[in-house]
Amino acid sequence: MATVQGHCDPQFEPVKQLFAEKIANGEELGASLVLNIGGKDVVDIWGGYFDEAKTKPWESDTITNVWSSTKTIATFACLVAHERGLLNVDDPVAKYWPEFGAKGKEGVLVRHLMSHTAGVAGWDDKITAEEICDVPMATARLAEQAPWWEPGTASGYHSVSMGHLLGEVIRRATGKPMKQFVAEEIAGPLGADMQIGAAEKDWPRVSPVTPPPPMAFDFAKMDPNSPTVKAFSNPPMDARVAMEPYWRRADMAAVNGHANARALNRILRAIPNGGTVDGVKLLSPETIELIFREQANGTDLVIGMPLRFGIGYGLGGGCTAQTVPWLPTEKMCFWGGWGGSLEIMDCHRNVTFTYVMNKMGEGILGNGRSKEFAELVWKILKEQEEA
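Its first residue numbered 1, the sequence shown is counted upward by one per residue in the numbering used here.
Careful: at least some of the hints might be erroneous.
Said to hold, decoys possible - In silico EDC-like pairs for lysine to aspartate or glutamate, Cα to Cα no more than 20 Å straight-line:
id: 1; residue 1: LYS16; residue 2: GLU372
id: 2; residue 1: LYS201; residue 2: GLU59
id: 3; residue 1: LYS126; residue 2: ASP41
id: 4; residue 1: LYS382; residue 2: GLU372
id: 5; residue 1: LYS56; residue 2: ASP202
id: 6; residue 1: LYS40; residue 2: ASP51
id: 7; residue 1: LYS16; residue 2: GLU59
id: 8; residue 1: LYS230; residue 2: ASP125
id: 9; residue 1: LYS40; residue 2: ASP193
id: 10; residue 1: LYS16; residue 2: ASP44
id: 11; residue 1: LYS230; residue 2: GLU131
id: 12; residue 1: LYS230; residue 2: ASP218
id: 13; residue 1: LYS16; residue 2: GLU375
id: 14; residue 1: LYS103; residue 2: GLU130
id: 15; residue 1: LYS371; residue 2: GLU21
id: 16; residue 1: LYS379; residue 2: GLU330
id: 17; residue 1: LYS371; residue 2: GLU383
id: 18; residue 1: LYS371; residue 2: GLU59
id: 19; residue 1: LYS331; residue 2: GLU286
id: 20; residue 1: LYS382; residue 2: GLU13
id: 21; residue 1: LYS382; residue 2: GLU330
Everything labelled a hint here was simulated from the structure, so no lab data went into it.
Working from the sequences, and respecting the hints, build out all of it.
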């Protein structure tokens, strides 16, 4: 029997109990969950199993492919580069990457790439999962395209392409590939066990993901030229691709980050805590405020659901409250990964919540389990405020 390990403050014991129940009843396979308040970890738990065959437990240092939760680190890297004067989020992308200015994209700004409003949500021509892992080739193809809608006017989730686009901006602006920039400028200084891709030496501790049920979209009945179909069906994505060596070696900061809840929390807690983590300053309060500059607040052209985006993250309130009503609505930013991983940075309460699992569930924005964990955490937080 895989038990729940780690630390949990007494007032959050119900969270640990729920976590243990999910593992015991099989809803959860292996997972990790961290809650940080004001720089202090009040919950840091992990448990369950490393793999479907249950050959070994999920350990403290187990990591897994976190899909789109990687985006929270990619956009964080762009904010760090902005903070250091290496780029400006209000600059045209073509200032750093001239080739990108082709086909009517000369007005696309860095912040448009960071908020899914650039109109480059995928590839025009057929591409395979293996080909997107040839990042220089796949990125060059994006630069040659015309935008799918007028940049800056609406969001349309850049599910895979965001990593290629932001990765190239970081490479041109800083001289370092995204993978290296994150390792040397963010994860390394913080001692955070997070990487874009996965180094071969770490493969033995990478928990294989368990694929989710099929997506709710029936592409055969949809307009083949719609942003939804073009973004989500090209390439068709099988979650088992995450176990392929070519996937693990690629530098795709939208989809192939490897981490656990502690690693993501270690980085993202900078946002609700003034930009500094244990004396390591990464962002100023002014740069953090950029996140909360609204870039879109309407129906996302790819996901097809109402969402509110700032620079780099989804924002609470507005349209988001219709789609994800269980999220806090105060000053908060968030995102998650395919299958259920979730990151919530509540600046109103100085709270950072992160959850990472290997058994993928339904949904793009969290799954039923992440929803239950987050609802319980904020219920306890609000009860404490009222006490």
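**Study point:** Structure-inconsistent hints, enumerated in ascending order
**Key:** The structure conflicts with hints 3, 6, 14, 18, although it agrees with all the remaining ones.
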